[in-house]
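Heads up: the sequence lines are chains P, X and C, in that order.
For what it's worth, UniProt numbering labels the leading residue of the first sequence as 1, then goes sequentially.
For what it's worth, UniProt numbering labels the leading residue of the second sequence as 1, then goes sequentially.
For what it's worth, UniProt numbering labels the leading residue of the third sequence as 1, then goes sequentially.
Some clues are possibly wrong.
[Stated by the list, open to error] List of simulated lysine-lysine pairs, DSS-like, C-alpha gap at most 27 Å:
no., chain 1, residue 1, chain 2, residue 2
1, X, K102, X, K289
2, C, K300, X, K234
3, X, K176, X, K101
4, X, K101, C, K300
5, P, K239, P, K31
6, X, K176, X, K102
[To be verified] The calculated label-pair distances, taken between Cβ atoms and stated as ranges, are:
no., chain 1, residue 1, chain 2, residue 2, range
7, C, F93, P, P195, 51 to 59 Å
8, C, F93, X, D118, 30 to 38 Å
9, C, P311, P, S159, 17 to 25 Å
10, C, F93, P, A212, 33 to 41 Å
11, C, A214, X, R58, 44 to 52 Å
Everything labelled a hint here was simulated from the structure, so no lab data went into it.
Heads up, the beta-carbon is just placed ideally off N, CA and C, and yes, glycines get one too.
So the chains spell out like this:
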Amino acid sequence: MSQEQTEQFFRKLSFIRLFESHLLEQFSWGKLSGTTHTCIGQEANAVGITASMGRGDVVFSNHRCHGHYLAFTDDAFGLLAEIMGREEGVCRGWGGSQHLCRDGFYSNGIQGGIVANAVGAALAEKHAETGAVTTVFLGDGTLGEGLVYESMNLAALWSLPVLFVIEHNGYAQSTPTRLQLAGELEARPRAFGIPTLSLASNDADAVHAAVAPLFEQIRAGEGPRCFVSHTYRLGPHSKGDDHRDPAEIEARRTFDPIRLYRTKLPETRATEIEQANQNRLAEIVNRLAESEGS
Amino acid sequence: MFEVILPQLEVNSERALLVTWMVEKGERIKKGQVLAHWETAKSVHELAAPHAGYFFPRVEEGDEADFLSVIAVISETDAEPAPPKAPEAKPNREAAGNFTKKAAALAAQNGLSAADFDKTGIITERDVQSRLRQSALPDLPKTSSLDNLKLPDGLTRVLVITGGIGAMHLIAILRKDPRLDLVGCLDDDPALQDHRLFGVPVLGPLSLLETFWREGRFDQAIIGATAVVATRQKLWDRCKALGIPMANAIDPSAVLGAGVVLGEGNIIGAQVHIGMATRLGDNNFIAAKCNIDHHNQWGSHILTGPGVMSSSFVSVADRVRFGTGIFIEPLVTIGAGAVISSGALLLGPVPADHLVKVRVSTETVHLKKEG
Amino acid sequence: MKPQERLLVHHINRALTRIMGEDERVLMIGEDLLDPYGGAFKVTKGLSTQFPQRVHTTPISEAAIVGVATGAALRGMRPVCEIMFGDFLGLAFDQILNHATKYPLMYAQEVGCPITIRTPMGGRRGYGPTHSQSLEKFFVGIPGLEVTALHRFQPVEAFYRRAILQRDQPSLIIENKIMYGQEPLDTVARYGDFQVRRHGQDVVDAELSLTDFAHEEVTLITYGGMTDHCLEAARRLLLDEEIASNVLVLGRLSPVQLEATAAACARTGRVLIAEEGTGAWGIGSEWAAQLTDALWGKLKAPIQRVACTAPVLPNSRALEEQVLPSTDTIIQAVQTLMSRT
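Chain P on its own, in the form it takes in the complex (with noise of 0.2 Å):
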């Protein structure tokens, strides 16, 4: 890793976090409309997983999208705009925090539809010779709906460009893996023949190390792939609804994803992104200050 690219990964990392929190804060006050679904703890896979990605490459996302979209857009004002139901928002104030379209990034709330979507990209991409790689998150919760399965299936057989991401964060919104999902969860891809990597790392350079070789398997025309990402949400499902053992939670917090990353800079470079964060996010709230009743 280059000293750049790293301060890229931790600039990214940090602004996620930095978002999601402002997004729980603002919700306290009712300046958001709605519901929203925060990725805090699972920061490294959004940025890691879009670091293999270039221009054309597609990404379908789910209720727990934003460090996606701006890992993968880098557009906070958009997305900000659009969960505070703005008309400058990515979707007009239409989609909110959950629906979002932009450049080739789709998402949707309704939990499997979108790896059935993600995979009708790859069919496109694959008939339009674009190289592009389609790559769908779904979390372990999302297992239980069967159209993932037929969804896999599909790509498997018809060899599509497609990478399936499994952010397995432990929780089905409130219900805990050992009482939503039966059997192994690699084996789920696997039983369609689908070679799936299994990581549990909160690391984001791990996470790009991991990934990067399927993205090229996948360009190469070798079929879909699948990366179970084995992680951790530290906030809430969405706010205000965690009934997790605060103990459990703590211990989760060694491997805090920008607290594992921060160290890999120097303390005054990284307080220095983090001011420069902090400074990006004040602005765009500032210009949507500004705005709003305009």
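Given chain P, put chains X and C in place with the hints provided.
Okay, now just chains X and C, sitting in the frame of chain P:
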């Protein structure tokens, strides 16, 4: 003889195409031998002979057959079996020239057939009515109704047949016509013999009719009986059997419109109005104050009471009997032999030999309470 | 042309062949599509031979069929899904409701999702409770979905071309399965004793009359598979009872566009709507509500509806005939219409 049925070769189709027969007509075949190749949307199927025998096809190559229909027969002999009887023709609406039921009745009444209509689809009652309207105009006679009266040079000698009240009515009209010479009346009623009705003598019983005609004692006759349709028609038939021309008796106060066509032997009462282009047959009795409006088609031997108001384009068939004070809407048709009670309001057609009853709710009550 | 190639199924097949030949973005996705089978009703027969790269036969995965098509459509393809029986469309309901139609709407930008879903509906083949239904009423309420019903008077190629190539939003095409084996009447000006008029382009409403399009007393409105029953009812009503009617066969079920229909109904003031599916919350419910609004003051009797009378379609052909709307039930409903004031 064994009938070969085309099996249901495929569940999502209803018929198949015969690609080729694999055997010749009249050929002796074995059971299980391939008879034909059938094509469905799905694929080509071989059809094996279900029986041994002599083969006779019922379907041509290149034709389609419905599943479960007979496509060939296998006979015990090499003589070709008789072709199947054509299914009995079901009663077919098209056979009636595609008339609706009502249109068919109206057309028949007016002697129209499908050929009279310049139309490809179904002929409706409205079409027939429209056709009748059209036909009324171009067929207008070139002469007026007055010209149509049979008026030889000099006076016409008229014999009145029967001499009851109807005859008096008739004579009262005929006397107003200066061109007529009323020869006398014939009536079987002994009480009337040797009497005069308004100065016209009763000459004797009806049996004298033939003799008087043979002897040339009158030029025309007219029937005075106005109560019973059957009587009036019987007398008419008797006259016509002798070839007697019949006179029309038209009260001078009657108004006949342009193009009215009258037959013979009609009695038209006082203040009757007959509208333009109306046609009246023979031997009708139209009582006073009747209105037969324009473009009516009335048949023969029709009797009316006074005040029958028929609107335009009404058709009345033969031998219809009207009561008094009847209103008939335009385009109504009345079938032969119908009887219409007094006070009726006819909005729709009356079939032949039907009686139109009128429910009367009139009640007469005493104006002063008793005691 | 072989006699069999005259049928509607072959016309659809030829239309799809031409459309696929013209535009490389068109994909066929569905179950059992490959030759020699060529789809359960043979609509796609020959396509996989002619366009082997673009005809995708799938596992029995209706949700995935529509879901994959949706994703491909988002990325610029113009997929056509075949759902083998309309009854199976329930399996793909969420994909239609929350994905294919939602993307263009909820992203509030120029995101197209041009998928076409074709599916056969309807009974009278004895296929029983789960292969005979007319379920379109469950889909016409989905915003952003155009639902059209093929009928015999509809020019076939224009109909499919519009959905597949000319629209950017999802389309659901209902093909009544009885029609596959009938001959199209897409260009005729007369059908038997009926005169045929067509309204609209590409998706056509047909108006038929035995008389003159002026003096009818009743308007029968229907779509798809009930067409022949309505026409026969109109014929018998005229022949036997001198009741003249015009029959409107609508091509578009949703979004509802009834302006021309309302104008035709205004002439008669008596309206009957016939549909093959169950009646409650049916196609006719919405049509009747909108027509009542448009025709208020001009209706001579309440709008009558005729629909399937049983909650489930029996397998027995005899029982099925009893519960599906027939010529007789339409005639009876018209008699009711005529007797009410």
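Outcome of the hint check:
As the CA atoms of K102 (chain X) and K289 (chain X) are separated by approximately 32 Å, the hinted pair breaks the 27 Å bound. Proposed proximity of K300 (chain C) and K234 (chain X) is contradicted: the alpha carbons are some 52 Å apart, above 27 Å. Straight-line distance between C-alpha atoms of K176 (chain X) and K101 (chain X) comes to about 48 Å, which puts the hinted pair past the 27 Å bound. The suggested pairing of K101 (chain X) with K300 (chain C) holds, with an alpha-carbon distance near 26 Å, which does not exceed 27 Å.
For the hint linking K239 (chain P) to K31 (chain P), the alpha-carbon distance of about 13 Å falls within 27 Å, and the restraint holds. A C-alpha spacing of about 44 Å is found between K176 (chain X) and K102 (chain X), which places the hinted pair above 27 Å, so the restraint is violated. One distance hint, 51 to 59 Å for the beta-carbon pair F93 (chain C) and P195 (chain P), is violated here, with the actual separation near 33 Å. The hint said 30 to 38 Å for the Cβ distance between F93 (chain C) and D118 (chain X), and at roughly 55 Å that hint is violated.
A beta carbon spacing of about 45 Å between P311 (chain C) and S159 (chain P) contradicts the range 17 to 25 Å that was offered as a hint. Remark: the range hint 33 to 41 Å for F93 (chain C) to A212 (chain P) is upheld by a beta-carbon distance near 39 Å. Distance hint for A214 (chain C) and R58 (chain X): a CB-CB separation of about 48 Å, consistent with the stated range 44 to 52 Å.
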